[in-house]
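Asks: Residues per chain, in single letters:
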Amino acid sequence: MSITRRRFIRNASLTAAAAAVAPSLFLPGAKGAWGATLSKGKPIKVGVLFSLTGGLAVPEEDSALVMQYAIDEINAAGGINGSPIEPVIIDAKSDMNVYSEKMRELILRHKVISVFGCYTSASRKAVLPTVMSQRNLLFYPTCYEGAECSQNVICTGPLANQHSRDLIPFMVKTFGKKVFFVGSNYVWPKESNKNAKLWLEQAGGELLGEEYIPLGSSEFGPILNKIRAAKPDFIFSTVVGASDIAFHRQFKQEGFSADKMPIASLTTGEIETRAMGNEFGAGHFLSAPYFQALDNPTNHRFVEGFLASKYGKNGTTHYNMEETYTSAYVFKAALEKAIAGHGIEEVTPAMIRAAAAGVRLEDSVSPEGAVWIDENNFNTWLVPKIGQCQADGSFKIVSQAPSQVAPDPFSIYPDAGKCTAEGLKAANGSIRKDVI
Amino acid sequence: MDYSWVTFANALLLGLSIGSIWLIAALGLTIIYGTAGVINMAHGELIMLGAYSAYCLQTYLGVSYLLCIPLSFVIVALFGLVIERVLIRYLYARPLDTLLATWGVSLVLMQGVRMIFGNDPKYINMPQFLSSNVSFGPLSLSAFRILIIAMTAVLVGAFWYVFYRTHFGIKIRAVTQNKEMAASFGINSQRIYMLTFALGAGLAGLAGSLFAALSIVLPNMGTGYIVQSFLVVVTGGGSLLGSVAAGALTGEIQSVLAYLINDTFARFMLFILIVVFLRFRPQGLFSAGATRR
Amino acid sequence: MAGVLEIRDLHKRFDTHHVINGFSLDVAEQTLSCLVGPNGAGKTTLMDLITGRLKPTSGSVRFHGDELTGLSENDIARRGLGRKFQIPAVFKDLSVRDNLTVAYSRHVNPFINMIRFSDPAMNRRLEEVCTLVGLHNRLRVEAGLLSHGETQWLEIGMVLMQEPRLLLLDEPIAGMTEGEIEKTAHLLRKIRRTATLIVVEHDMGFVREIADVVTVMHMGTLLAQGRIDEIEANPKVRDVYLGTEEESA
Amino acid sequence: MSSNPYHDKRCQWLMYLVFFAGVGLIPVFIDDAFLLNQFALYGVFGLLAVSISLCWGAGGILNLGQGLMFGLSAYGMAMTMQMQSQDPINNPIPPFMLNNGLDHLPWFWSLFSSTGGGIFLTLAVPTLFCLLFGGLMFSARVSGPFFAIISLALLSAVGTLVLDIQPYTNGANGISPPMPLQIFGAPLDPYSTSMFWVVFVCLCGLTVLAKLITQSKFGQIVHALKNDPERVRFLGYNVALYETLIYTLSGFIAAVAGCCFTLIVQYVSPAQFDVAFSITMVIWAGIGGRLSLLGSIIGALLIQGGQSYLGDSFLNSWMLILGLFFIVVVRFLPRGLAGLIESVLGRLRTPEPAAHEASAALTKSGS
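Chains as they are written, first to last, in the working numbering: chain A, 856 to 1291; chain B, 12 to 304; chain C, 3 to 251; chain D, 126 to 492.
The set of hints was computed from the structure by calculation and includes no laboratory data. Every residue, glycine too, gets a C-beta built ideally from N, C-alpha and C. Fair warning: there could be bad hints in the mix.
Each pair of labels, with its calculated beta carbon distance range [as the list claims (entries may be wrong)]:
id: 1; chain 1: B; residue 1: H178; chain 2: C; residue 2: S60; range: 38 to 46 angstroms
id: 2; chain 1: A; residue 1: P1152; chain 2: B; residue 2: A20; range: 57 to 65 angstroms
id: 3; chain 1: A; residue 1: T1275; chain 2: D; residue 2: A249; range: 54 to 62 angstroms
id: 4; chain 1: A; residue 1: K1115; chain 2: B; residue 2: F19; range: 44 to 52 angstroms
Straight-line Cα separation of at most 25 angstroms, PhoX-like style, residue types lysine-lysine; simulated pairs [said to hold, decoys possible]:
id: 5; chain 1: A; residue 1: K966; chain 2: A; residue 2: K1192
id: 6; chain 1: B; residue 1: K133; chain 2: A; residue 2: K1168
id: 7; chain 1: A; residue 1: K900; chain 2: A; residue 2: K966
id: 8; chain 1: A; residue 1: K1192; chain 2: A; residue 2: K1165
id: 9; chain 1: A; residue 1: K1165; chain 2: B; residue 2: K133
id: 10; chain 1: A; residue 1: K1251; chain 2: A; residue 2: K1168
id: 11; chain 1: A; residue 1: K1115; chain 2: A; residue 2: K1033
id: 12; chain 1: C; residue 1: K94; chain 2: D; residue 2: K134
id: 13; chain 1: A; residue 1: K1052; chain 2: A; residue 2: K1115
id: 14; chain 1: A; residue 1: K900; chain 2: A; residue 2: K1049
id: 15; chain 1: C; residue 1: K94; chain 2: B; residue 2: K190
id: 16; chain 1: C; residue 1: K185; chain 2: C; residue 2: K94
Okay, chain A solo, but in the shape it has when bound (with noise of 0.2 angstroms):
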């Protein structure tokens, strides 16, 4: 334990007993802003926020991985204008009081200047509050549900209007009207599931039933049973973890089959199906904005530099480790824009992210293609695509959409009013910040 200033005591029992009553002292005591300044060719400090442990660690521990190797990358590169990112990586543990607590140690002790990390949607709430009244910025660099406008927040993942907008449309048109809807009892699968609705309506789809199973369950008897009675086309799954291997497992083990009732995933791509055996994932779909096997020479370079790093050990690419991987170089991009603008030794986390505001990340750089971010609500502009799982585990790509599609966290809500870079516009003009 560290005391990093020692104040003398003055008086120090009439501080104490002035400390507990005066009024004044009810007034912010932390300072709200970012207490350190960058200098050229010192460390740039980033906080990496993932659970190392517990069980979110499956997927987490990969974006962990994946970030240190692309901080390698850049900084054997020369880093960011001559200085190197230096990461404090810190494990969360799957325990969102730690992530809280931990956020709290990466802004206030460590002094990072951003940070990367969380990877569900409790996660990043329960980091926020941390984040927003330190005016830090979060690079989230995963899918999530939107219906959020806060001014410090970067996010890299597909948004749940972008998510399923294509997978739905193919999904009918290739195989049948009639779909069923099943996904993990939280947020993220019931604004997907709200979108994915809007699309079936515009597809000319039918939903026959909608069931949610408590996060963690690995007993689908009873929502097989529905699916079994309604007779659907194919199914749309927003199921999360270990419950989506238990659901992939128990639905063929049950008797149905890829062929004739697929599964169109937004979550189960190349670590969940090998997590699952490759069988029980052969011919489901997944919509996601990276794949493995996308045939592009930065997708190559990325995907093969990665395994024979040291952190390749497990030997596969994912959507959301490619998502992580983009983070950092949107980060950078964005605080050479800053450090360009401003100086290097006046830069704070508002001006990384201000300067975020329409960073594009061409081809060469970025592994799934280019993708920027957009200027307003921070999101970023991706191209969807649709692989179907193989009988070897990877995916081959059986539709993307031709352009880049537009991020909107409140698609589904326009009443809310839009997003913008100062905070959540309503119709009358009125703005609101920190929405979350």
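Could you slot chains B, C and D onto chain A? The hints should help.
Replies: Only chains B, C and D this time, still in chain A's reference frame:
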């Protein structure tokens, strides 16, 4: 969603399957709690150990899945034996302390497995004939669920036989009822407790090898089973018959509520129903005491 | 005679087994009655029925005219019935003093007890009881460390702290040495001056020494009641009670 | 026993004075917003440890569901804070409710619109719940391991419900009020000294209150019924009432802890209802010494501090070490570290009887 008799009958059939899963998870606990009064909070982790032993046997030694099931029983029973000898035997007089100490054991087992096998999920391959669905007219159930039901029935039968028809069973029941009295008849209660604990642990291992194939093998997979297993045992009253009844009842209630409303709410209602039931009948459905009288 | 306790046609059935079968009894004020009977006669069950631990299948128990059946244990105790258990029940990890102070149950309101740290009336009672049972120099000892005889006295002391009008003592001299038994007999006679006692006892010598009235139970019914010499002369009692006593001895 | 300073009431109060004076000096020496915030959070854990120690140590009621009271009040506080950031006219509904299809504020949320009323409900609801649930359970004479398991089941049930009624609770994502609590127009900044003092006053006040209660006649009776509830009943006390009250008191302390928790972290989620979290509280008290309020607080500080500050290489095996440590404590030191100090002090003063007592303490079941 249409509610017809066929889907309702399927829900009932599924309830039987869910009940058998609850029961097979709780069987080992019933025996340990019913005989020695030990609240074994590491039960879920013993299930997890069973799953990992099946995984290891299959992956590293190429043992076929059906053979993994009994072998998991043996391996985890040995684990149970060690735990009993090193720790539990000192705590028989202190039921609340066994609860706490075995919670410590569960942390150690979970973290130990995590350090050896890592955090990523493992899975088990089953023979092809188990990956299919069996239909009886409009009713259907997967072959694997049928295996679990059959397995549960066989185990309950076997344990009924051991407990009520063998010399060893008489000794167990004697020790359960009155340790001092049993000792005066030359029954070594320490030995009986040790064997029951190992037996209960073995059953948890066997359950684990079945659950491994149903879903996924993870270091923290056991935590989900512990609360539900305890509810079965406590609702049943600690006797074999009680656990069978409680397992069947809770399985059916969960399945029917999940069919009528939804899965999450079914779980909530089930827990509340159990709490209310125990308020009015704290001794459970069939207490070990009532069958003794 | 003024009845302290009137038991009328009491029945208690467990499943099909009648443990108490139409038992009736009157206990007079300031007497010491001994309840005797062979094992399984229902003595402890009777105690449980009087003190509310068990609910009778039928029948009535009246204490100074008030019906006790249906009341909870603590309500019955509050009316002035103190009970000492067969297996001494003291609070083993409390000191002797704390055992006695807890037993002083004139004030049962938990909210008032939360702000009660000292109580002069209780201290006076503690003095009296200590003098009676003779545990003065053991007050700070943990009750679990007392000898068997001392534990019995402590429990009698706890019952006395309740200031009961009727004491039910289940085997108060079990495990005591000759000297201790003598002391206990003396103690019980002292208590009788201010309260009524019912003592369950196997030791006929002790019964002979202390009892005003002896009540013999058999198979859940009242077999005989009277002075000790009457009872010892009663042929029925010889048959069922003294006969089995000799056998088992 | 008599000469062991551990049992001397004056020595005990002196230890309290030293401990709380030491804790009270922290803000004088530390001017680091993160550390102050973290110490405030540890204070919350200390409160939880006190609540467990009161219920389990003093009253013998092992409650594996204390997270329920903690979580309920943490949610209450989050609702109060969330409502403060809502504009009653232009913007009356929290954003997450709009997304969940609610177009007007649910009635039970509107109760939290006033700060005073919100804080009152935050503390009153868990306390009344304890009174009701405890009353029902203890009057049915549910006790010991059964009560532990039932409290665990109830905790799981409520956790599941909070997850399920997403429109009202935002499900797994939980509630993150965007601003700190405003008291009379001034924000109670989670990183300020004042936040630390709020927690300190709660911890100090409630611990002293709990200590006084354990020393009162009520405390003696509760201690006695931990030994033998039947005996206490036959002495004329309404055992269920006493058990319910000690349980409720402990629930109230946990509720205060829940309030402070949300003030500090500005976030609440169903993770507060995790079974593991509730059992962790029991581990704090178990390792520190459940019979000692101060010991339990120190247990919480040691374990949580260790979790935060031991090196990363060590942390990989943290659960393993914690588990082993806990097994050793249960097996050899049923009275925890405080019990160890008790027997060491006893041995120092009067070697002979103290040694006897120490061995008695070790062999005792300590139910």
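Asks: State for each hint whether it applies.
Replies: Right, here's what the structure says about each hint:
no.	hint	verdict
1	H178(B) - S60(C): 38 to 46 angstroms	holds, 44 angstroms
2	P1152(A) - A20(B): 57 to 65 angstroms	holds, 58 angstroms
3	T1275(A) - A249(D): 54 to 62 angstroms	violated, 42 angstroms
4	K1115(A) - F19(B): 44 to 52 angstroms	violated, 25 angstroms
5	K966(A) - K1192(A)	holds, 21 angstroms
6	K133(B) - K1168(A)	holds, 16 angstroms
7	K900(A) - K966(A)	holds, 7 angstroms
8	K1192(A) - K1165(A)	violated, 31 angstroms
9	K1165(A) - K133(B)	holds, 23 angstroms
10	K1251(A) - K1168(A)	holds, 23 angstroms
11	K1115(A) - K1033(A)	holds, 12 angstroms
12	K94(C) - K134(D)	holds, 20 angstroms
13	K1052(A) - K1115(A)	holds, 22 angstroms
14	K900(A) - K1049(A)	violated, 39 angstroms
15	K94(C) - K190(B)	holds, 23 angstroms
16	K185(C) - K94(C)	holds, 23 angstroms
In terms of the numbered hints stated before, the structure departs from hints 3, 4, 8, 14, listed from lowest to highest.
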